[in-house]
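A.B. asks: Use the sequences and the hints to build the structure in full.
Chain residues, written in single-letter form:
2 protein chains.
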Amino acid sequence: MSDKKDERIFGQIPDTKVGQLFRDRMSLSTSGIHPPTQAGISGAASEGADSIVLSGGYEDDEDYGSEIIYTGAGGRDPNTGKQVSDQKLERSNLALAKSKIEGYPVRVTRSHTHNSPYSPQKGYQYSGLYFVDDYWRERGRSGYDVWRYRLLSFDEHPNVSTAGELPHGSDNTKRAKTTIQRIVRDTALAKNVKWWHKYRCQVCGLALETSAGLYAEAAHIKPLGRPHNGPDVESNIICLCPNHHVLFDNGGFTIADDLSLIGLDGKLRTLKKHTIGLEFIRYHREHY
Amino acid sequence: MSDKKDERIFGQIPDTKVGQLFRDRMSLSTSGIHPPTQAGISGAASEGADSIVLSGGYEDDEDYGSEIIYTGAGGRDPNTGKQVSDQKLERSNLALAKSKIEGYPVRVTRSHTHNSPYSPQKGYQYSGLYFVDDYWRERGRSGYDVWRYRLLSFDEHPNVSTAGELPHGSDNTKRAKTTIQRIVRDTALAKNVKWWHKYRCQVCGLALETSAGLYAEAAHIKPLGRPHNGPDVESNIICLCPNHHVLFDNGGFTIADDLSLIGLDGKLRTLKKHTIGLEFIRYHREHY
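Quick mapping for you: the protein sequence lines, in order, are chains R and W. Using the numbering used here, read the first sequence as starting at 159 and increasing by one per residue. Using the numbering used here, read the second sequence as starting at 159 and increasing by one per residue.
Please note: incorrect hints may appear among the correct ones.
Facing chain R, a subset of chain W residues (Cβ under 8 Å, in silico) [said to hold, decoys possible]:
#1 Ile227
#2 Glu296
#3 Glu367
#4 Ala370
#5 Pro381
#6 Pro385
#7 Cys399
#8 Pro400
#9 Leu405
#10 Gly409
#11 Gly410
#12 His445
#13 Tyr446
It should be emphasised that the hints constitute simulated quantities derived from the structure, not laboratory data. These numbers were taken from a predicted model, which means no experiment stands behind them. Quick reminder that beta carbons are idealized off the backbone N, C-alpha and C, glycines included.
C.D. replies: Here you go:
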């Protein structure tokens with residue numbers, strides 16, 4: 159497993175497919191789906207986790223198919239496999255938490271040794287992409303603290319609702335339950351912009367400190383997608399805290415040609431290497 | 159059409175189904191899918207919009223099936239149907255914007271008069287639930303400003319990506335594009351809590367002012383869904399700005415029994431009628 163930044167691949171690996179079987183960990187590793195040949199989690203704290211293998215090693219794992227409650231790594235006796243101390247939110251556990259706050263997809267593979275109706279009869283089966291919906295600490299069956307993660311299948315959770323609150327179907331209450339989503343598209347270039355600004359909001363300077371690291375959102379100035387068809391280039395992206403992102407996307411403020419803010423006091427914070435496209439700012443100003 | 163607050167139904171109407179046909183606007187209205195018998199948008203600025211009918215009245219509408227670019231109401235000559243003045247973000251147009259910031263589902267019905275391959279041959283066909291992904295102003299074909307809305311089908315946009323950035327499928331770049339989601343579940347009770355607090359964050363007192371009205375998020379203290387199975391009751395919900403919601407859900411701060419904040423200065427702002435369940439706060443403190 160290499161930790162070189164440019165080599166970690168998030169998402170689908172070319173020339174592999176969901177449901178594909180692998181004889182052993184070595185062939186799974188060679189495929190690129192899960193590079194490490196022993197560790198259950200592929201990832202680094204600073205980069206996020208890109209893949210996990212469910213192998214039955216943790217007594218606390220729960221597998222519902224498109225929803226998995228996964229247990230973090232560490233704290234086990236290497237000989238007995240028993241939990242003998244608390245797990246910490248560090249290394250690969252922190253990597254999975256980082257994947258949650260960044261929204262990175264995580265490849266999931268099931269081993270035949272994982273006790274679940276979704277496991278293959280032998281070898282390893284790639285189950286597709288999941289995302290980390292939540293992470294938390296709890297007292298495991300062993301009596302020691304473990305870190306746990308809820309992973310949800312991308313394919314089988316249209317608009318996601320773990321609480322069964324998707325607003326169609328059996329809702330017969332007068333005041334419907336609803337599901338809200340704030341979608342933030344985060345591309346490779348958006349990652350660069352957040353990195354350049356050290357996750358500081360270009361409006362207020364704030365970087366949110368979570369237990370999984372700093373958090374910010376990348377906002378496209380001229381939106382992606384039709385009919386706007388803004389480009390995914392760094393000069394069309396700004397780094398914002400969630401509050402200023404909501405305001406920017408919903409008419410709360412806009413930006414003048416000299417980068418002073420309209421609707422808020424102050425001026426957009428900039429960096430020399432991060433040029434903002436005036437044509438994108440003008441588009442936003444005219445439309446939002 | 160009644161605007162009485164308790165009578166507006168968001169989401170699926172009991173005893174109706176997607177694909178169902180209606181002879182005319184009256185029978186569509188009687189079904190409850192689209193109560194108004196003339197207006198294209200069912201909604202009120204203060205409550206949000208619950209339903210639209212695509213009838214071909216606006217030359218700027220674009221229909222891609224699971225994605226619709228819809229044009230707001232107003233500014234047309236009632237005799238010729240032509241756009242003769244700018245549309246404003248008010249009344250039903252504002253209602254659709256409110257549905258966006260609140261994440262409310264919008265029922266979509268297509269008329270045979272709507273020029274699209276997805277329209278029925280005659281009468282009206284209910285097409286299911288969509289959500290408002292974006293709203294903006296633009297110069298329409300007529301030369302006057304119109305408000306436009308991107309609506310996406312709930313069923314056909316698993317984890318939503320209007321820019322084709324869903325991180326599985328054909329991605330063969332080394333640094334994958336990813337899609338981030340922050341999901342906020344907003345139930346009827348959560349609506350109450352936001353309303354009680356006038357959309358002010360219980361940590362910082364801020365209420366975000368968007369062009370569609372005030373914005374806040376409802377956070378469940380003990381999360382919904384397994385394995386937490388927190389209840390959807392008002393004493394398990396707090397009203398937060400997006401920044402403090404991210405921090406609360408990701409280990410940025412928690413709350414002591416006396417409601418003082420741990421990890422941040424200050425104390426949770428409370429209201430007499432909004433009791434916070436200590437058992438939920440303890441659960442959050444032990445797990446996040």
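A.B. asks: Take the hints in turn and mark each one as holding or not.
C.D. replies: Evaluation of the provided hints:
About 6 Å separates the beta-carbon of W/Ile227 from the nearest beta-carbon of chain R, less than 8 Å, and the hint is met. Using the Cβ-Cβ criterion of 8 Å, the hint placing W/Glu296 at the interface with chain R is satisfied: the shortest such distance is roughly 6 Å. Given hint, W/Glu367 at the interface with chain R, holds; its Cβ is 6 Å from that chain's nearest Cβ, closer than 8 Å. Evaluation of the W/Ala370 hint against chain R yields a held restraint, the C-beta minimum of about 6 Å falling below 8 Å.
The interface hint given for W/Pro381 holds, since its Cβ lies 7 Å from the closest Cβ of chain R, which is under the 8 Å cut-off. For the restraint placing W/Pro385 at the interface with chain R, the shortest Cβ-Cβ distance is roughly 6 Å, inside the 8 Å limit, so the hint holds. The beta carbon of W/Cys399 comes within 6 Å of a beta carbon in chain R, closer than 8 Å, and the hint placing it at the interface holds. At about 4 Å, the closest approach between the beta carbon of W/Pro400 and any beta carbon in chain R falls short of 8 Å, and the interface hint on this residue holds.
With a cut of 8 Å, the hint placing W/Leu405 at the interface with chain R holds, because the nearest CB-to-CB distance is about 6 Å. A distance limit of 8 Å between C-beta atoms decides the matter here; for W/Gly409 the minimum to chain R is near 3 Å, and the interface restraint holds. At about 5 Å, the closest approach between the beta carbon of W/Gly410 and any beta carbon in chain R falls short of 8 Å, and the interface hint on this residue holds. Evaluation of the W/His445 hint against chain R yields a held restraint, the C-beta minimum of about 4 Å falling below 8 Å.
The interface hint given for W/Tyr446 is met, as the beta carbon of that residue sits about 6 Å from the closest beta carbon of chain R, less than 8 Å.
Comparing the model with each numbered hint stated earlier shows that all of them hold.
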